[in-house]
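Colleague: Chain by chain, the residues:
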Amino acid sequence: MATLGEIFFCTTKFIFTLLLVIKRPLIIIVLAILVCLPWKMVSQTDSTEAKKDTIDFYDMSLEQLLKMRAHGVPNELEKLINSLISVASKKPLNTRESPSIISLITADDILKSGARDLIDVLRTIPGLDFGVDVEGAVGVGIRGNWAHEGKVLLLVDGLEMNEILFATTQFGNHYPLDLIKRIEVIRGPGSAIYGGFAEYGVINIITKQGEDLNGISTGGIYGQGQNDYLHRNAYFAIGNKVNDLEYSFMGHMGDGQRSDQDYTDFYDSTYNMARNSNTKPNYFSASLKYKGLSYRWIADYYNTSMKDGYGDVIPGLAIQETFRSTFHEVKYVISPNKKLSITPRFTFKSQTPWSSKAYTGKEAYNRTATRALGNLTASYNLNRYVNFVLGAEYYQDKAVDHVDSSYFSNDEQEVAYNNYAFFTQGLVKTRPVNFIVGARYDKHNVYGDAFVPRVGLTKKYGAFHFKALYSSSFRAPSIENVNGSSDSLGIKPELTKVAELELGYKLGRRSIISVNLFDITTTDPIVYKTDSSNADLYVNEGGSGTQGIEAEYKLRLKKVNFGVNYAFYTAANKQQISDYSVSEDTSALLAFAKHRVNFSAIWNPTEKLSVNLNASIYGSRWAYTSVDSTDTSVLEKLPSTVLLNLFINWEPVEGLNIGLGCYDILNQKFNFIQPYNGYHPPLPGPSREIVFKLQYNLHFKAKNRKVTK
Amino acid sequence: MRKKQSIVNYKAIVIALLLLCGSFNSAKAQETDYKAYTLFVYNFMKYVEWPEAQSKGDFILAVIGDSPINKELQALASAKKIKGRNIVLRKCNTVEDTYGCHLVFVPNSKSAMVKALKEQTKDKPVLIVGEREGLAKKGASLSFVTEEGDELKFDINKKEIEQHQLKISSQLVSLGTLIN
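Those protein sequence lines, which keep their order, are chains S and C. With numbering that gives the first Met the number 0, letter number 139 in the first sequence gets 138, and the count goes up by one each step, no holes. With numbering that gives the first Met the number 0, letter number 24 in the second sequence gets 23, and the count goes up by one each step, no holes.
No farther apart than 30 Å at their CA atoms in a straight line, the calculated lysine-lysine pairs in the DSSO-like style are these:
no., chain 1, residue 1, chain 2, residue 2
1, S, Lys428, C, Lys136
2, C, Lys34, C, Lys55
3, C, Lys152, S, Lys428
4, C, Lys34, S, Lys428
5, C, Lys158, S, Lys337
6, C, Lys166, S, Lys338
7, S, Lys557, C, Lys70
8, C, Lys136, S, Lys66
Hints were generated in silico from the structure; no laboratory data involved.
Based on the sequences and whatever the hints tell you, model everything.
Modeller: Here is the structure:
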């Protein structure tokens with residue numbers, strides 16, 4: 000354990016370091032205060048714990064011996080950073096050596112935060128943010144880049160949630176938060192493993208399965224805004240593992256509202272979003288697993304309503320819009336010996352996203368896309384230090400238009416494409432450094448091929464760790480990108496190169512700090528335009544990218560958990576797409592704050608009670624908020640925003656959690672900004688919301704007692 | 000055209016990183032839990048059988064050089080016995096000092112001495128336990144491994160163990176990894 004003085008010295012140096020890098024002393028001073036505050040608690044708690052070491056270990060059984068850790072019984076922080084994750088490498092590695100910049104969120108983090116939906120959870124991750132697209136849809140941005148269309152892959156238990164017509168994912172009261180076991184986020188490219196939707200990042204949601212549920216889980220949320228309800232959801236899950244058979248079933252339904260505020264378009268038409276911006280999740284999932292064989296089914300019917308359309312207020316009643324997806328997966332893990340595993344996997348998904356009737360300015364849209372995918376992956380451990388992964392994948396996409404007199408660009412109501420891919424990876428762990436080398440090659444029958452290699456060096460040396468990563472990645476044009484491309488120009492995958500460096504240091508056993516730099520360069524990005532006849536057109540044009548720094552500090556004490564992170568990006572040294580750029584500040588991009596700080600402080604006065612105060616602090620953001628007399632959209636710099644939240648969770652009896660909180664205490668009414676110049680004013684977010692949450696877990700059998708020290 | 004002004008000073012980044020790296024030297028590394036290592040050593044003593052001639056009198060447990068494990072092994076020696084025999088901890092500075100010992104623990108910093116120790120104890124009933132990963136391949140009977148997730152495990156060089164006239168129980172073998 001480092002002494003108080005040493006820790007203080009390190010922290011001071013770190014803060015000075017940030018001061019040198021970023022000329023924003025105010026933010027750094029805030030960070031400095033937040034980071035320095037808990038030091039005294041570190042010292043006190045550790046010394047108290049030392050006195051508790053009273054149990055005689057010498058009589059442990061051999062089985063118990065196997066649970067021993069080289070660095071002692073792990074505390075909450077060590078459990079977190081030693082968690083084995085495979086999202087970045089397929090081969091499980093701990094977070095500090097995993098070859099990507101990783102964020103990990105546990106079920107306990109979610110429970111204690113009182114998060115209402117995935118947006119609340121993901122916005123606490125450095126570099127992740129949200130903006131509005133069209134028709135009230137909210138999508139994700141990463142490291143300053145708008146990533147809504149096919150640039151960030153969302154996985155739920157390994158199944159790709161991105162709809163394949165436009166490759167988007169919809170956020171906001173969508174996925175069953177209370178049934179999430181953990182979320183692994185790659186804040187960098189993942190194409191070398193996952194292909195064309197993982198260009199800038201991967202969000203891997205792992206839900207609770209039979210063994211995790213071990214019984215019944217049920218609960219719900221009610222959230223009341225200033226003008227109307229904002230959340231009212233319920234969920235139910237059952238699951239268990241009996242010998243080699245594991246099963247689960249879960250359902251999550253509800254009704255939420257994007258906002259209860261007024262939306263005003265560029266021409267001063269207004270409507271109140273209460274009862275006109277519904278977000279209704281209908282998510283069902285079932286899984287069955289016997290030894291290596293597993294089957295998974297997910298039905299995700301997400302229904303929304305909106306009146307914002309493409310920017311102008313739609314007269315009359317709100318338009319209902321549906322995003323319907325059904326997934327099937329059959330997987331068999333064959334392990335002929337301890338060294339080799341071969342996994343054939345077949346998935347089928349059917350998606351009907353963005354489906355709505357015609358409204359002023361837009362035709363009806365009702366297209367269904369299916370993807371049948373086969374994947375064969377082999378993993379071979381030559382020994383403890385060398386692992387190889389080799390795989391092949393083939394998928395066939397089909398899309399059908401259900402609207403009379405609506406056709407694809409081939410003048411048919413059906414299109415079909417296919418794609419095959421090969422991927423490989425080598426991981427070598429040596430004493431000085433771990434090497435990882437991988438690549439993926441995709442060949443599509445229309446837009447051609449993409450080859451994306453990556454190389455990484457990682458290692459932890461006691462308390463210190465580093466990662467040096469260089470990756471190529473790509474965004475595969477979606478079905479509608481191909482359909483909307485010009486015959487003469489065609490369309491091809493956009494390519495990205497990302498360099499990342501992370502340094503991390505464990506300050507004693509209960510806190511860790513990490514800092515990473517990134518540089519993203521995208522060439523030939525796929526850009527939406529309209530042609531001379533005002534028809535949709537997708538083209539590869541110009542370049543884009545950002546550079547930046549992200550820093551994260553975590554402290555886990557017995558009664559206090561504290562975390563703070565900071566994210567900064569600049570687009571100053573990169574090519575820019577004019578529709579995404581900010582003419583008044585070439586270092587900024589539309590919608591996303593260059594500076595972001597998140598902090599979370601959890602106080603556990605007793606084992607059954609937690610009080611969480613957390614905040615997301617946004618620097619100024621740029622948005623198009625009006626039009627001038629020539630109907631040209633006008634930029635405006637929106638002031639800094641602080642989203643401050645408080646949540647209290649109480650477990651009066653084993654398994655029952657009752658939570659009460661207030662989101663957006665300062666009533667800042669965070670706006671979702673459109674990250675491109677699409678004539679859509681910022682979409683109001685919810686007002687201050689009082690949240691009540693209930694969760695009950697009934698276990699079929701008591702879990703085994705852990706070996707504790 | 001307006002000159003692009005980056006708020007990031009790249010020279011400063013380099014200096015900052017150097018400073019940051021410099022600060023790593025000023026704090027202690029993550030502490031190894033030698034109590035866990037001691038537990039393993041204790042079980043090695045219990046589940047390895049020495050020849051009849053070496054199964055009487057005190058059980059001599061040697062550690063080469065100074066190591067934080069000495070304190071834990073001393074606590075073990077004070078608290079426990081092996082099959083009714085007292086455990087005596089002996090601190091050794093050289094390979095020769097290990098003469099007559101039943102078990103020799105080789106700390107990380109003395110890993111280079113394994114080869115000499117192997118020569119010195121050739122055909123003698125001595126169990127050589129290496130702290131550093133990989134020492135079982137270099138002549139130690141057993142060596143520790145920290146797996147992903149920080150789990151403490153061990154490698155077994157059964158050939159070496161048998162050459163030292165020792166018998167390892169199948170229970171212990173099932174917990175470790177045989178390297179030959």
